[in-house]
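Trainee: Given next are the chains, with one letter for each unit.
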Amino acid sequence: MPSRKVTGPVLGITGILLFLLAWELTPRLGIVQERFLPPASTVLKTLVDYLGQPAFWGDVGETMLAWTIGLGVSVVSAVILGLLIGSSSFLSKATYTTIEFLRPIPSVALIPLAVLLLGVKIESSLLLIIYASFWQVLLQVLYGVADVDPVADNTARSYGLGLFARARYVVWPTVLPYLMTGIRLASAVALILAITAELVIGSPGLGYQIALTQSGGAVPEMYALIVATGVIGIIINLVMRFLERKLLSWHSSIRSEVVA
Amino acid sequence: MTADQGMGTTTMGTTTARPMLSIKNLKKVYQVTGGEIEAVRNLTFDVADGELICIVGPSGAGKTTLLKCIAGLLSPTSGSIELAGTPVSGPPKAMSVVFQEYGRSLFPWMTVQANVELPLKNQGVPKAEREKLVADALAAVELSHVPKSYPWQLSGGMQQRVAIARAVAYRPKVLLMDEPFAAVDAQTRADLEDLIRDIWHKLGVTILFITHDIDESVYLGQRVIMLSNSPTVVQDDLRIDLPDERDQLETRSSKRFAELRTHVYEQIQLAKASKPTGVVATQKAAKR
Amino acid sequence: MSIVKRVAYFVGLPILLVLIWWILTLGPKNFFVPTPGELGQTFFEVWAGPRFVTDFIPSVIRLIIGLIATIVLGIVLGVLIGSFRWLRSLTEPLLEFFRAIPPPVLVPLFLLLIGPTDQMRIAVIVSGAIWPVLLNTVEGVRAVDEVLVNTSRTYRIDGFARLRHLVLPAASPQIMAGVRQSLSIGLILMVISEMFGGSSGLGFTIVLYQRSFAIPEMWSGIIVLGLIGIALSMISKAAEGMVLRWYRGLKEVQRDS
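Residue numbers (numbering that gives the first Met the number 0), protein chains in the order written: chain A, 0 to 259; chain B, 0 to 287; chain C, 0 to 256.
A portion of the hints provided could be inaccurate.
With a Cα cut of at most 16 angstroms, we get these calculated EDC-like pairs of lysine to aspartate or glutamate [unchecked claim]: (1) B/Lys120 x C/Asp157; (2) B/Lys67 x C/Glu145; (3) C/Lys236 x A/Glu99.
Honestly, the hints are just simulated from the structure, not real lab data.
Extracted from the complex, chain A is given alone in its bound form:
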């Protein structure tokens, strides 16, 4: 009886290889013109060439700089505001409509404003990144605060724990998983907005390079850069998931102590 030899990871790699094969053959067989779709080997070679160029890494650095600062500022401000709003019933109710109103506004709408006020610099990217990432984190923090077990909180209160002690032992452990989710979501959004800002506004970074290659007709270079952004996206995702696991596995034991 034939047993299941072909397992998941093998199939996955097969899928990738099949895709690369199709990508290689499609332009070579003339199905799509090569000037629109260079074969996979050309693009990958271009990408490898890029990896040896300092200018490339400079652009990566610019993008990641904007990403880091933007993410950092939005996380800190969202945590502070989120904890404040979430722990006050008055503030929660008063800000509800404003948040629901501002949140769905696409940050790309702010692009012209950014250009006007801040010009073609990293600050424009930051405006967009912070605006978009902030909401992701804020929402999760609010969910987290709402999830705090009132029994645990009251118990802490009755033992005379002050505001900061309660925040540290009761609120924070409950909020942390939500916060990690928010940061993970925000990290993806931040990358998207960083690239967007560079693409549309022209602030320095990978997105700007992509725009240049497109307008200059450097097609394999454009594809190579696009692949690079995808790789960066995957790396960020993997790092975030790793951090999440690390932080939360340490924390879940503390959480169960608090609630019990």
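Use these hints to put chains B and C onto chain A, whose structure you have.
Mentor: Positioned in the frame of chain A, the structure of chains B and C alone reads:
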């Protein structure tokens, strides 16, 4: 006091008619990493038309495997299962199944009525007939008052009743029940047991009832088949000669009930004592 | 809570913010920030006028077509891939990679492949917004409860009926979550595809105003985009409310038990 061997004997003194369900030399071996597990070695028994038989066995005795094979959800490694003379190769049309996890077997996005109606709709039964069958089934399980409720709005016992109503409205020839009352409280279980006998009397459907509850098997069945530990074979096959009219209080406190119950209990203890041999046996055999 | 209180919470902070805005602009005319009155007037001048037809409508139509194509394609492909384990394993790494590509980079790509046409804008929307729908559908289809699957099999509910009564409803919570995400991505892509190499539409108009320093007009455009975003959010909430009514009830019961 004697236990009949179930194979081939007539039931209730009638002439030997073709059995409704015929299981011959059923064997099921699972392939796992590191070897094989022989869950079921050899199960052979017949179920006559209109019979209500219970199957008991220790945990891990392959009861669920047996049920899945009979229901056509699993292919046996060897052996045959025949429903009214036709071999079972996929879920047979004339069979319906009531699972233990009532909460997960009802569609939560449909009302009670829609749930009971779905198999009939799927068969293409015309609307008027469908409505009557559904109404009758709901009445039989005493749930006529909640057709528009959703399953998750009902209690556990009520949900299982809906599953039973669905199985019954389908008008199957054979009704399979996989430990259906294991997850409800004792009081509800007693009510549901009487409900099953009631439905069985009214519809004359053949019922295969799997349970781990020894008392339940004796109370419900005309016959109790006891399974050994895995690799499973039929350990014993007992005719229950209690009166047809059964009552939770009277029947369960009768002397005959106690005798039958003891018999089954002893057999199950024997079955538990023989340790499961599955993988180890295969590996040992390979070493030889 | 009384009606008065409820209304107060509802409009309190927004009104306060508008008030502050008005007060801050009371002084000498600020180049970057128009007064509330100015903005209101400009808003109607611009968007109740010819721009409504030349820019607003085409943009919205492109968005709607793009989103519908996204949802349909995403669900169909998702059901297909989710239903066959080998297909899932085969395509999963690829799909994860494509999802990780920041959608905006597709704009120059499609600009190159297709040119600055409406088809290109719709293609951009679909290729960026499809991933949440697709991946969530795959996950939802994969995770259908085993007991429900067995139940359907025993009652011989197969094929199209199985899709309609079992698979799609069971996966609908996941699918709706994916659709919700794809709406915002679609809007972003629509705007970017018009800002970057566009000749008409909301995105293009706003950038035009910005470049020609027509500040109140620019702000009015920003507000229009915001309103579209809000409208999409409300529509998706309403749709979810309808499709997932059973799911909410179920979750409530589970929470209480």
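Trainee: With reference to the structure, classify each hint as holding or not holding.
Mentor: Checked hints:
For the suggested pair B/Lys120 and C/Asp157, the alpha carbons sit about 13 angstroms apart, so the restraint of at most 16 angstroms is met. For the hint pairing B/Lys67 with C/Glu145, the CA-to-CA distance comes to about 13 angstroms; that is within 16 angstroms, so the pair holds. Between C/Lys236 and A/Glu99, the direct Cα distance comes to roughly 12 angstroms. Compliance with the 16 angstroms bound is thereby established for this hinted pair.
In summary, this structure violates none of the numbered hints.
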